[in-house]
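Student: Spelled out, the chains give:
2 protein chains.
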Amino acid sequence: MGETGAGEGCEHWSELHELVAAANVDGLRERLEMLPPSDVARAIARLGGEEQRNLLTLLDPPEAAEVVTGVGDAQAVELIETLGPSEAAAIVDELPSDQQADLLGDLGKAGSEAILEEMTPSEAADVRRLMAYDADSAGGMMVTELLAFGFNQCVADVVDDLRRHGDEYCDYDVQYIYVLDNSRRLRGVLRMRDLLLASGQRRLGDLMLPEPLSVRVSDGLDAIRDFFDAHAFLGVPVLDDCGRLEGVLHRRAFQEAEEGRTDRIYLESSGIVGGEELRTMPLLVRSGRRLSWLSVNIVLNIAAASVIAAYQETLSAAIALAVFLPIISDMSGCSGNQAVAVSNRELVLGLIRPREMWRVIVQEMKVGVVNGVVLGLLLAGAAILWKGNPYLGLVVGVALTVNTLVAVAIGGAVPLALKGLGKDPALASGPILTTVTDMCGFFLVLSIAGTMLPHLS
Amino acid sequence: MGETGAGEGCEHWSELHELVAAANVDGLRERLEMLPPSDVARAIARLGGEEQRNLLTLLDPPEAAEVVTGVGDAQAVELIETLGPSEAAAIVDELPSDQQADLLGDLGKAGSEAILEEMTPSEAADVRRLMAYDADSAGGMMVTELLAFGFNQCVADVVDDLRRHGDEYCDYDVQYIYVLDNSRRLRGVLRMRDLLLASGQRRLGDLMLPEPLSVRVSDGLDAIRDFFDAHAFLGVPVLDDCGRLEGVLHRRAFQEAEEGRTDRIYLESSGIVGGEELRTMPLLVRSGRRLSWLSVNIVLNIAAASVIAAYQETLSAAIALAVFLPIISDMSGCSGNQAVAVSNRELVLGLIRPREMWRVIVQEMKVGVVNGVVLGLLLAGAAILWKGNPYLGLVVGVALTVNTLVAVAIGGAVPLALKGLGKDPALASGPILTTVTDMCGFFLVLSIAGTMLPHLS
Numbered sequence: 008m009g010e011t012g013a014g015e016g017c018e019h020w021s022e023l024h025e026l027v028a029a030a031n032v033d034g035l036r037e038r039l040e041m042l043p044p045s046d047v048a049r050a051i052a053r054l055g056g057e058e059q060r061n062l063l064t065l066l067d068p069p070e071a072a073e074v075v076t077g078v079g080d081a082q083a084v085e086l087i088e089t090l091g092p093s094e095a096a097a098i099v100d101e102l103p104s105d106q107q108a109d110l111l112g113d114l115g116k117a118g119s120e121a122i123l124e125e126m127t128p129s130e131a132a133d134v135r136r137l138m139a140y141d142a143d144s145a146g147g148m149m150v151t152e153l154l155a156f157g158f159n160q161c162v163a164d165v166v167d168d169l170r171r172h173g174d175e176y177c178d179y180d181v182q183y184i185y186v187l188d189n190s191r192r193l194r195g196v197l198r199m200r201d202l203l204l205a206s207g208q209r210r211l212g213d214l215m216l217p218e219p220l221s222v223r224v225s226d227g228l229d230a231i232r233d234f235f236d237a238h239a240f241l242g243v244p245v246l247d248d249c250g251r252l253e254g255v256l257h258r259r260a261f262q263e264a265e266e267g268r269t270d271r272i273y274l275e276s277s278g279i280v281g282g283e284e285l286r287t288m289p290l291l292v293r294s295g296r297r298l299s300w301l302s303v304n305i306v307l308n309i310a311a312a313s314v315i316a317a318y319q320e321t322l323s324a325a326i327a328l329a330v331f332l333p334i335i336s337d338m339s340g341c342s343g344n345q346a347v348a349v350s351n352r353e354l355v356l357g358l359i360r361p362r363e364m365w366r367v368i369v370q371e372m373k374v375g376v377v378n379g380v381v382l383g384l385l386l387a388g389a390a391i392l393w394k395g396n397p398y399l400g401l402v403v404g405v406a407l408t409v410n411t412l413v414a415v416a417i418g419g420a421v422p423l424a425l426k427g428l429g430k431d432p433a434l435a436s437g438p439i440l441t442t443v444t445d446m447c448g449f450f451l452v453l454s455i456a457g458t459m460l461p462h463l464s
Numbered sequence: 008m009g010e011t012g013a014g015e016g017c018e019h020w021s022e023l024h025e026l027v028a029a030a031n032v033d034g035l036r037e038r039l040e041m042l043p044p045s046d047v048a049r050a051i052a053r054l055g056g057e058e059q060r061n062l063l064t065l066l067d068p069p070e071a072a073e074v075v076t077g078v079g080d081a082q083a084v085e086l087i088e089t090l091g092p093s094e095a096a097a098i099v100d101e102l103p104s105d106q107q108a109d110l111l112g113d114l115g116k117a118g119s120e121a122i123l124e125e126m127t128p129s130e131a132a133d134v135r136r137l138m139a140y141d142a143d144s145a146g147g148m149m150v151t152e153l154l155a156f157g158f159n160q161c162v163a164d165v166v167d168d169l170r171r172h173g174d175e176y177c178d179y180d181v182q183y184i185y186v187l188d189n190s191r192r193l194r195g196v197l198r199m200r201d202l203l204l205a206s207g208q209r210r211l212g213d214l215m216l217p218e219p220l221s222v223r224v225s226d227g228l229d230a231i232r233d234f235f236d237a238h239a240f241l242g243v244p245v246l247d248d249c250g251r252l253e254g255v256l257h258r259r260a261f262q263e264a265e266e267g268r269t270d271r272i273y274l275e276s277s278g279i280v281g282g283e284e285l286r287t288m289p290l291l292v293r294s295g296r297r298l299s300w301l302s303v304n305i306v307l308n309i310a311a312a313s314v315i316a317a318y319q320e321t322l323s324a325a326i327a328l329a330v331f332l333p334i335i336s337d338m339s340g341c342s343g344n345q346a347v348a349v350s351n352r353e354l355v356l357g358l359i360r361p362r363e364m365w366r367v368i369v370q371e372m373k374v375g376v377v378n379g380v381v382l383g384l385l386l387a388g389a390a391i392l393w394k395g396n397p398y399l400g401l402v403v404g405v406a407l408t409v410n411t412l413v414a415v416a417i418g419g420a421v422p423l424a425l426k427g428l429g430k431d432p433a434l435a436s437g438p439i440l441t442t443v444t445d446m447c448g449f450f451l452v453l454s455i456a457g458t459m460l461p462h463l464s
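Protein sequence lines correspond, in order, to chains X and S.
Heads up: the first sequence at position 432 corresponds to 439 in the working numbering, and the numbers run straight through without jumps.
Heads up: the second sequence at position 372 corresponds to 379 in the working numbering, and the numbers run straight through without jumps.
Source of the hints: derived by calculation from the structure; they are not laboratory data.
All C-beta atoms, glycine included, are put in the ideal place defined by N, C-alpha and C.
There may be inaccurate statements among the hints.
[To be verified] According to the in silico footprint, chain S covers these stretches of chain X (three or more CB under 8 Å from chain S): (1) 199-209; (2) 258-268; (3) 303-312; (4) 378-391.
[Unchecked claim] Coverage of chain S stretches by chain X, computed from C-beta distances (three or more under 8 Å per stretch; other residues unrestricted): (5) 91-100; (6) 270-276.
Let the sequences and hints guide you as you build the complete structure.
Tutor: Structural data, given as structure tokens:
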């Protein structure tokens with residue numbers, strides 16, 4: 008985990024390349040075992056599709072499943088896509104239920120159906136059930152691997168079952184034992200510790216903690232965050248609308264979804280749209296996704312710049328202004344983006360709601376006055392130093408001050424407005440912000456300049 | 008958790024306000040119990056400092072500690088700062104050890120010392136030890152609440168101890184029981200399940216899984232990520248350099264640190280620097296932090312725009328170009344930022360290393376050629392439509408195509424270069440990128456235009 012020698016990443020890649028070409032299964036196993044998962048992911052990403060397929064099929068399905076689990080979600084999808092349906096099904100069979108659903112969900116309808124047909128029927132049925140839930144709901148994040156017993160069973164039954172199924176259960180992430188009635192409705196929970204301290208003849212129904220807290224399959228990220236904020240549990244049972252136990256939602260799965268959300272906001276606000284981008288993806292996928300966002304942006308940019316076109320005469324008469332137009336456009340964009348980031352983050356944390364827009368605008372305007380005046384003075388000073396013309400300083404200083412105010416107010420408000428309309432604030436806030444602030448900034452500079460043109464030329 | 012009526016956030020706030028003013032402890036308890044944590048956090052944020060203090064001191068310390076745990080890190084610091092040292096110490100005493108260390112670490116030297124002096128000496132000593140570790144190391148993230156027994160003790164001793172200390176331990180997040188030798192060196196681990204299946208006379212040393220995996224107090228996020236990627240554990244023992252057990256690192260704490268890192272990258276790349284910003288923070292703190300970044304940016308912007316100043320004559324002769332300068336500056340910034348985002352994210356995921364810069368540049372250039380040509384054609388088309396002058400189209404189209412190539416190459420490479428130099432890529436990549444692409448873009452437009460000026464005027 009320390010610094011590795013130059014080019015070592017390439018060595019891992021060429022090692023795997025040679026081991027796969029030689030079909031050296033033992034060498035491959037040993038190498039994969041030894042390398043940290045991030046090195047494995049990097050090395051596999053460098054292999055061609057055919058080589059990736061050979062690597063996965065050389066290994067036993069449980070080993071291949073471990074490789075697939077170790078790489079990120081997007082790379083896992085790429086790996087599975089190199090395989091035929093029955094090869095893929097053998098590997099997917101070995102994954103935990105929530106990963107099965109996530110992976111197949113990302114594969115698209117046709118690809119996932121082909122694999123589901125080849126899977127063990129009981130596993131396939133489980134996955135289909137999980138895939139029916141929204142990926143960001145409790146149903147979409149839960150696992151179905153859990154320990155459940157009837158409330159009339161006794162401690163000795165449980166200990167006996169644990170003894171017999173120890174090998175299978177050791178992969179489960181067991182915090183609690185769930186106690187069900189005859190209709191699979193959840194009646195209580197038992198901690199391992201409670202079992203430990205009880206005699207073998209006790210009935211689970213007498214020993215359990217009754218009326219356990221739970222969430223519903225349809226609960227979304229906000230409801231689940233409130234739950235895990237309020238309760239220090241590592242997992243929570245997930246019930247259907249009739250109170251039947253459907254699965255367990257681990258705090259870990261929820262946290263991964265939350266992390267995914269922050270990650271997506273960062274990517275979308277940077278113009279990476281339609282899912283994460285890895286540099287190992289095909290060129291046209293990467294180009295196309297980036298272009299889909301850029302091509303909207305260029306139209307908005309041209310619209311904003313048309314304000315300059317309308318004032319060409321003013322600009323000709325005072326050409327020095329042309330130097331300041333990009334500065335005012337960029338600085339207002341920066342100020343506005345700070346406000347966008349704070350709003351997006353407070354929305355994710357649940358600290359503000361769309362209807363609080365007025366409060367947000369007021370709080371942003373306060374920052375905008377302070378920052379606008381400071382930045383306006385700086386830019387006015389630079390203009391006066393350069394041209395020795397106080398009127399030029401006045402025009403660009405006032406324009407930047409006013410436009411900073413406009414930018415922070417719009418930047419703070421737009422994410423709330425988009426969220427209130429049910430749109431994704433991370434994606435559209437930036438382009439909307441910069442279009443408005445560019446138009447407004449160009450208009451301010453050129454219209455103020457128009458009123459004092461004799462002093463500027 | 009469904010939609011709440013208009014203004015309900017305000018109602019929670021005024022309810023708390025009145026309950027605190029009336030010193031109605033029971034009413035306050037009931038209200039805090041009933042509200043989801045995000046509503047509590049929002050309502051408390053609206054109270055004045057004096058009211059926040061009264062709210063916390065009206066409650067018993069364990070209840071107040073629950074309130075402090077329920078709000079975000081930054082808000083928790085604000086709350087503790089409203090209190091006197093002994094009031095704060097009583098509440099901090101009740102927090103888990105890792106939260107104690109995080110909170111006091113954020114308070115600054117003077118504030119944390121005053122509180123530590125008032126804390127229970129044994130708790131204070133634990134916290135001081137944790138605070139000495141880097142916040143993103145295993146030592147900084149671990150908790151010291153754990154169950155450890157000697158390898159000569161027997162199962163009955165453990166069960167007896169669990170029975171006697173059940174109340175205290177129920178707050179612990181216990182996955183394993185740690186088995187130590189006489190020098191507190193870690194010799195093995197026991198699962199609750201293993202205890203359950205063993206007879207009371209068995210020695211722990213015979214029953215334990217020997218040579219358990221562990222991490223070192225000094226291990227950083229990358230090493231810990233590799234560990235948790237490779238092993239499906241919920242927690243891992245943390246040892247000092249002599250192999251003595253110092254604490255337990257829970258996967259959850261690591262994931263929170265990782266999420267914090269993604270969050271920080273988003274905020275820093277949007278120009279929110281020096282820690283998270285909440286709109287409840289004082290105006291001058293918010294303004295000052297944003298300005299620290301904006302004032303560097305305006306200097307860079309002025310430097311970039313000076314290229315335009317150098318070409319004023321060309322611009323005067325072909326004033327239509329002034330319309331395209333902000334478009335080319337903004338579009339190149341967007342293309343470059345997409346590359347920055349992909350690099351930052353691949354760095355966080357451990358998929359690329361600083362020394363792979365050349366590979367990243369090549370992969371970005373491929374996208375740059377495709378996207379640059381498409382965007383260049385779009386902009387050239389717009390210019391020709393507007394002015395009917397193919398030379399104008401040629402100038403702006405070629406400039407945008409070439410500058411897109413430059414932008415994605417720089418955008419992809421800068422985060423790796425900064426990371427390689429040990430600098431924070433999220434913070435500086437954006438400003439470096441836009442400065443270079445602005446300068447280059449302005450130079451391209453105006454110097455190409457200079458060669459065909461007769462056709463442009």
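Student: None of the hints should be skipped; say for each whether it holds.
Tutor: How the hints compare with the structure:
1. 199-209: Contact hint for the stretch 199-209 of chain X vs chain S: holds, 5 residues under 8 Å.
2. 258-268: holds (count 6)
3. 303-312: Per the Cβ count (6), the hint holds.
4. 378-391: It holds, with 6 qualifying residues against the three required.
5. 91-100: violated (count 0)
6. 270-276: holds (count 5)
The structure fails hint 5 only (numbered hints given earlier).
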